[in-house]
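Below are the chains, spelled out letter by letter.
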Amino acid sequence: MTDAISPEATDEPKTATEPVLSVRDLHTHFRVEGGIAKAVEGVSFDLFPGEVLGIVGESGSGKSVASLSIMRLVPDPPGLIAKGEILLRGRDLLKIPYEKMRKVRGGEIGMIFQEPMTALNPVFTIGMQLTEAVRVHEKVSRAEARDRAIEAMRQVGIPDPAERLKDYPHQFSGGMRQRVMIAMALICNPSILIADEPTTALDVTIQAQILELMLAMKEKKAGSSIILITHDLAVVAETCDRVVVMYGGKIQEVGTVHQIFEEPKHPYTRGLLASLPTASTERKSRLSTIPGNVPSIMNPAPGCRFSNRCPEAIDRCSVEEPVLHQLPGERFSRCHLVEEEALGQVDKEKADV
Amino acid sequence: MTAYFLRRLLLVIPTFIGVTLIAFLITRLVPGGPLERELMQIQMGAAGAGGEAVGGAFGGGVEIPEEARKQLEKEFGLDKPFVVAYFLWLGRVCTLDFGTSYNYREPVWSLISERFPISLMFGLTGFLLGYLVCVPLGIAKALRHGHPFDFVSSFIVFVGYSIPAWAMGTLLLVVFASGQFLDWFPLGGIHSHSFDELPAIVRDNVDRDAVMDDFDELDWEKLPFIDKVIDVGNHMALPVFCYMMGSFATLTILMKNSLLENLGHDYVRTAFAKGLSPTRVIYLHTLRNSLIPLATGLGHALSLLMAGSYLIEWVFNIDGIGYLGYTSILGRDYTVVMGILAINTILTLVGNIISDVLYAMIDPRIRFQ
Chain U
1 MTDAISPEAT
11 DEPKTATEPV
21 LSVRDLHTHF
31 RVEGGIAKAV
41 EGVSFDLFPG
51 EVLGIVGESG
61 SGKSVASLSI
71 MRLVPDPPGL
81 IAKGEILLRG
91 RDLLKIPYEK
101 MRKVRGGEIG
111 MIFQEPMTAL
121 NPVFTIGMQL
131 TEAVRVHEKV
141 SRAEARDRAI
151 EAMRQVGIPD
161 PAERLKDYPH
171 QFSGGMRQRV
181 MIAMALICNP
191 SILIADEPTT
201 ALDVTIQAQI
211 LELMLAMKEK
221 KAGSSIILIT
231 HDLAVVAETC
241 DRVVVMYGGK
251 IQEVGTVHQI
261 FEEPKHPYTR
271 GLLASLPTAS
281 TERKSRLSTI
291 PGNVPSIMNP
301 APGCRFSNRC
311 PEAIDRCSVE
321 EPVLHQLPGE
331 RFSRCHLVEE
341 EALGQVDKEK
351 ADV
Chain H
1 MTAYFLRRLL
11 LVIPTFIGVT
21 LIAFLITRLV
31 PGGPLERELM
41 QIQMGAAGAG
51 GEAVGGAFGG
61 GVEIPEEARK
71 QLEKEFGLDK
81 PFVVAYFLWL
91 GRVCTLDFGT
101 SYNYREPVWS
111 LISERFPISL
121 MFGLTGFLLG
131 YLVCVPLGIA
141 KALRHGHPFD
151 FVSSFIVFVG
161 YSIPAWAMGT
171 LLLVVFASGQ
181 FLDWFPLGGI
191 HSHSFDELPA
201 IVRDNVDRDA
211 VMDDFDELDW
221 EKLPFIDKVI
231 DVGNHMALPV
241 FCYMMGSFAT
251 LTILMKNSLL
261 ENLGHDYVRT
271 AFAKGLSPTR
281 VIYLHTLRNS
291 LIPLATGLGH
301 ALSLLMAGSY
311 LIEWVFNIDG
321 IGYLGYTSIL
331 GRDYTVVMGI
341 LAINTILTLV
351 GNIISDVLYA
361 MIDPRIRFQ
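Chains as they are written, first to last, in this note's numbering: chain U, 1 to 353; chain H, 1 to 369.
Hints in this document: simulated from the structure, not taken from any laboratory. Note that this is a predicted model, so its numbers are computed, not measured. Backbone N, C-alpha and C fix where the C-beta goes; we use that ideal spot for every residue, glycine too. Mixed in with the good hints there might be a few duds.
As the list claims (entries may be wrong) - Partial selection, computed: residues in chain H whose CB lies under 10 Å from chain U: (1) SER162; (2) ALA165; (3) PRO278.
To be verified - Covered stretches of chain U (in silico footprint by chain H; criterion: 3 or more residues with CB under 8 Å from a CB of chain H, positions within the stretch not fixed): (4) 97-108; (5) 115-123; (6) 130-136; (7) 248-262.
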């Protein structure tokens, strides 16, 4: 089984540049009662300078664990990065010493989280939490760090930043708190921002503002990139350049945002897209769903992870695990149908079983 | 917020009246009050004077003149209706006059206040040692959650929690003080009464003649300060251990669970994601949050002024508040009982308010309305 995506096998102009971050065959496991839960199993993807990469999937698909693995923030125990490489400009983050990794966190890769309510320490002022983020990476005086904090807050659009430095997290609204989180993640100018469901906990009106802010901040620093983890395809459509679709701890499909939305090559992606409400959806009609639940990562059944829920599954799907096939145009899909279609061995009717 | 605390402070008054009123009522309702005791004693005295052998408590049968009875009732304040008597008592309490003990024939206030130093000494040492030991132990346990260290310390702490303090006290005395096994500590009291009783290190330190009085008895006051401290410390070691043992488990486990819970919070992950060192994340970010539930207990340090467990004081032969309170209840010495209750009530109520103030001070999210 050749699961790894080879970044060299490409002829598109964008991917001609070296990826800034390459995840290779990442396996992250959790040792839980009754065995090992394989949350991430053989995930590989590249992040290129200047791009916004979306990682999409349902809850439990392993997308968050994959992003935490990049930062080595998976709690150990019970978590364990069992195998793989995370190459940041060619340097394997899984092999560098802990002290070096600390420099990467916040210094080269910034991260923001889903819950701005709880992601900030409730008993310290915003000013303290911002300045300590500067001072841990750079040798600056208190006054300089404070100026940097004010500047960072101004950049993310917090009014009256000098005054608000003295405030505590609970004195900010949800949207403002997420702005603080962005300011904190970017205060040391990292070239990569990992955003784990940054808008999930926010009002719809605030969501767009936060996404715009993230994109604007990315534009400010040339060559910086964003990994956006979300289950919200609408967010992906608005912000991402390329998309990685995850399911059951594995990558199911990779493509540009246009390819994914216009010509999805995996039944799971098609299911996700079908479940999106559109303007033409009748008011009274029920939204389309993918029947069934995310499979257990404790005892995965043989064959394709999605086969038990897949409307297009064929006999082979429940027996043999598909590989991640490369398709023309830097696309990948983990589906037997794609392979068989490509080989011309099967037609659509057979897939209807 | 100031308004809130002022309101809380004002609420102390009705609460205090409620608590003391109920207690006062109980002293009136419970049979065998001071009047009955006094009458009984007079009867027994009369019977004794009559040369008769008195079998039972009620064997006297001597009639008490009505005037004498009235006289006694007046003395105990029983001649007035309950409510009137209560408010008279309350009025006197406001001027710190708690009345006179029936049994000791001494002002209640001096009985109580002369025991403050003992309570404070034991209470404060136990309290400080408790926090000094439990907080680090709780942290260590949280960081080694599930490791052998955690299990073993939990076992020890809960064994200590399960053994009654007086039983432990007796055991400690037998093992460490009786001389049967070891002779490291004295058998009881607050300080030594004879030269030989002093710890060896003090005996070696001081000139024997200089600390003896004219009757060749130890004059404790003549000891140098440092030796007094050593001697008192030597006497306190075992009882303080007994005082701490009970609260030890609660405080340690509270600290451990609080830290463990906080370590799982999102802000910890954020702190790590910023690149902070584990030391800073644990000891600054997480510890600050996990100390909140513990710090609220600090307000009750006020009650340490009245700290004292009757059983521990009894085992270690210490004449403290606990012993005084217990014997007063048994002896129906209601002025003393009411005095201790009144002071304890005030200290507890004010302690609660101080706890709330502390809570608001350390947790910026708390805003009392």
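Tell me, which hint numbers fail for this structure? Hint check: 1, 2, 7 fail, others pass.
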